[in-house]
Structure formats: C-alpha cells, structure tokens
Amino acid sequence: MDTTARILSFITNRFPQAEITDTEDIFSLGYINSLFAMELVMFIEKEFTVTIPNDELRIDNFRTAKAMTELVDGLRSAVV
Amino acid sequence: MTQQLAPAIDRAHARSFVDSEIRPHADAWDRAGRIPEELLDRIAAAGLWAPFLPAALGGSGIDMVTLGEIHEEVGRGCSSVRSLLTVHTMLSWALQRFGTDAQIQQWGPELAAGRTLGAFCLSEPGAGSDTAAITTTAVPHKGGWLLNGVKKWTTNGQRADLLLVFAKGPASTIALLVPSSAPGVLVNPIDDMLGTRSSMLAEIAFSDVELGPEALLGPSGFASGMVLTGTLDLGRYSVAAGSVGIIQACIDACADYAAQRRVGGTPLRDLPLIQAKLSDMVTDVRAARLLLAEAGRLKDRGDAATIMATWIAKYFASTAAARHASEAVQIHGANGCSPEFPVGRFYRDAKVMEIIEGSTEIQRMTIAAEAYRKWEP
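Line by line, the protein sequences are chains A and B. This note's numbering applies: residue 1 is where the first sequence begins, and numbers increase by one. This note's numbering applies: residue 1 is where the second sequence begins, and numbers increase by one.
If a hint is listed, it holds; no wrong ones were tucked in.
If you want the footprint, here are the derived chain B segments under chain A, 3+ residues with CB under 8 Å:
1) 216-225
2) 229-241
3) 295-303
So the derived label-pair ranges between C-beta atoms look like this:
4) A/K46 / B/L186: 36 to 46 Å
5) B/D192 / A/D25: 44 to 54 Å
6) A/E56 / B/R42: 37 to 47 Å
7) A/N33 / B/A287: 21 to 31 Å
8) A/K46 / B/I367: 16 to 26 Å
9) B/E361 / A/D60: 34 to 44 Å
Facing chain A, from chain B, some residues (calculated, C-beta under 10 Å):
10) F98
11) G99
12) T173
13) I307
14) M308
15) W311
16) Y372
17) R373
Simulated from the structure, these hints should not be mistaken for lab results. On a predicted model such as this, the values are computed, not experimentally measured, just so you know. For each residue, glycine too, the CB sits at the ideal point set by N, CA and C.
Model the full assembly from the supplied sequences, consistent with the hints where possible.
Below is the structure:
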C-alpha cells in the first residue's frame, strides 16, 4: 500500500462511514476534533517513521490525504 | 573504595520510597491540608518527579509502562502526592513533546530535578470538562502575550513554580508557560476539599500578565488543540495509575482488617459477604492494571491507539476505585468512618478520580465512539 492509501485506510478505520478520496477536505466532513488530530499525527509519525515539527503542524498539511502524503514525502527527503 | 550505584527508577524503587516516606504520613498530611516541603525534596532526591525525561536533561529516560507503575505505587500511598506528580508530569511531557530547543533547555533540567515544580491550569470557575468555554485570554502584546483570566482547582497551584496555562488565543486555544512569580499572577489557596486534600489546590488570577514570545508552547492554529489533548492524555494515564493504587490500598487495608476483626467469634475474612467484596477488589485491580499497562505499551510504541486505551483505563480504574473504596469503608464499619483508619481517605480521594482529567460522563461519551470503529485485534 502506498502512503496515500495507508493514510486513507487509517481515517476510514476510525470513521467507517466515511467515503473519502485523496483530495477531499477531511475537515469539511465534520469528523475532525482535537482527539482525532492527535491520533492522526501520532499515526503518521509512527507509520512513516518521521517527526513532524511544530511549524509543519499546519491545517493545510492535514486537509487531504494527498497533502499529508506530500508532508511525509517532504519530511522523508529532509532526513535523507 | 566502593562506588554506590544510583537505584534503578522502577516500581520496586517507588514502592520502597512510598512505604518509608509517604504511607506512614499520608493521613497526617490529609488532615494538615498540605504536603511538607521536605517530602518534595525527597521526591527529587529519589528521581521521581519526571523520570521519563531523557538523561541529557537529568531524567532517567524510563518508559511509559514504568512511569505508570511508579504512579500506581505513589497513588497507593497518597493520592495527593500522586496528584502533584500528575500535573508535574503533564507540564514536563508537554514541554518535551512540543517545546522548542530553547524552552526545553531552559526548563527541562529544572523539571527533571524537581527544582521547578509544574502545574496545569485549564479549569475555570465557569469551565471544567467544557474546555471550549474557557474565558481566559491571551492576546498578542509587545511581540509577546498579555494574559488575563482566572483558573480554578489548580493542583499544586499553591506551590508550583511554572504554570501551563491554556487560554483563548487569536485563533484558537493556546498553551503558555507562565512562571508563578510573574507580575500579575495572584494565587489564592483552596482548602477543605472533599478529597486529595493535601494537593495544595489554588485559584489563580492572571491580571495583565505580560509574557514574552517564548511563553507560547507548541503550535498555534489548528494543531494547538493537540497540546491540550496530549497533555490531558498523560494526566489521564497518571490518574488511571493512581486509581489502581487506590484499589490496591483498599485491598491491603481490608485484608489486614478482615484478618483481625472478629464478629461472633469468626474473623471477618471467613464471612462470605466479606469474601465477595475482596474477590471483586482483587479481580478489578488486576483488570485495571492490565488496561493501564496496555495504554502504557501503546504510548511506548507511539501508537495512536493509546489515546482511546488511556480513556478506557482511566474510566475503568477510577470507577472501580470509587466502588471499592466505598466497600472498604463498609468492611471497616464505624472504624472506616474514623480518622484511625486510612480507608475514609481512600473513599474521599477515589471520588475525585471520577471527576478529574475528564469526568466519567465525558469518558463514556468519548469511549462510545469506539463501538463505531473497525476493530483490529
């Protein structure tokens, strides 16, 4: 499974009723609260072995699965 | 020449410390309404304030499972002392997780050594579980922040040196590190509470408190809520651990009492109704301890499932502690209502566990969401 698919899988595992695409704004669906935001950040850090610095914890980086994928890719390339 | 090795920071170390330094005095502290300064120093000497911080900051780098075991042991001895550890842990964890390098270097060694004691300021006279209702404000001011508002029920507020204050910022709730010595900070002790009576609660007023930009802890905007969520998660974990400790303390006290007290020539321990109460305590303490350990293991793995696991551990352990502390008083009869036995303190302290770090009602609303998730064994 690629990065985007793994992120989408995590979201739909939490919210099985959600039918989202990789470019859909998850904040517009009404699911996101601070608890899920924390779970999402923890998931990304563990799943992709990255640390998200404070200045990357911006809403635009988490708005869509595609944006999160780009964040992960950027953090991975920064490590390399 | 022999070199004395520092003791490992683990359950056995905490148990020994609690049995010698805390348990014998907890009832007296409860009546006095405060923890003596000497005990705070001894906790520091024992390395128990924030042992999860890395060695580079003066901590011991212990894992979260071990931290839970330590807080259980302290909770077994005195819930008020455990409460002080809880709020210090919350601030220390938030600093480690969300702090800048400069903030971590400034405060980390102080917190690890217990030279600076932390407290957590969220609840207000008109806002408890309803965190969205807080009215304390932080507005941009001279390149930093201007803080105004009143916080209430702040554990260790009478003694803490550094306050983690949550306030409404320009766009969302933000977290600020505020020295209690800052001009405009006014601490009013709250005494004579039902439980955790020696945890030195305070109401703290902030009147035009000027702070520099470095006071902001963590991100602002969308992610600022995560500072609160993450910090409360650690607090909930510690309260769950303390609740396990209360149940164990109830078992210890009741087993001792039931072995000595006789009714009609029969020791209480031989009466089936007493055995039923003790068997439920023994069963629940094991279940609560396992839930706590599972939450700790998930934290150590960085697994997001720890947040729900911690909610569940705290819900189970705190409600079980309240139930069994009530039965512990019942087993002791009139003695249980007297200051000569500790179970009355356990009963009062256990009730507090059902309210703090998310009331039982809030927990049940949150945990219900688990039923709608896909279950992965």
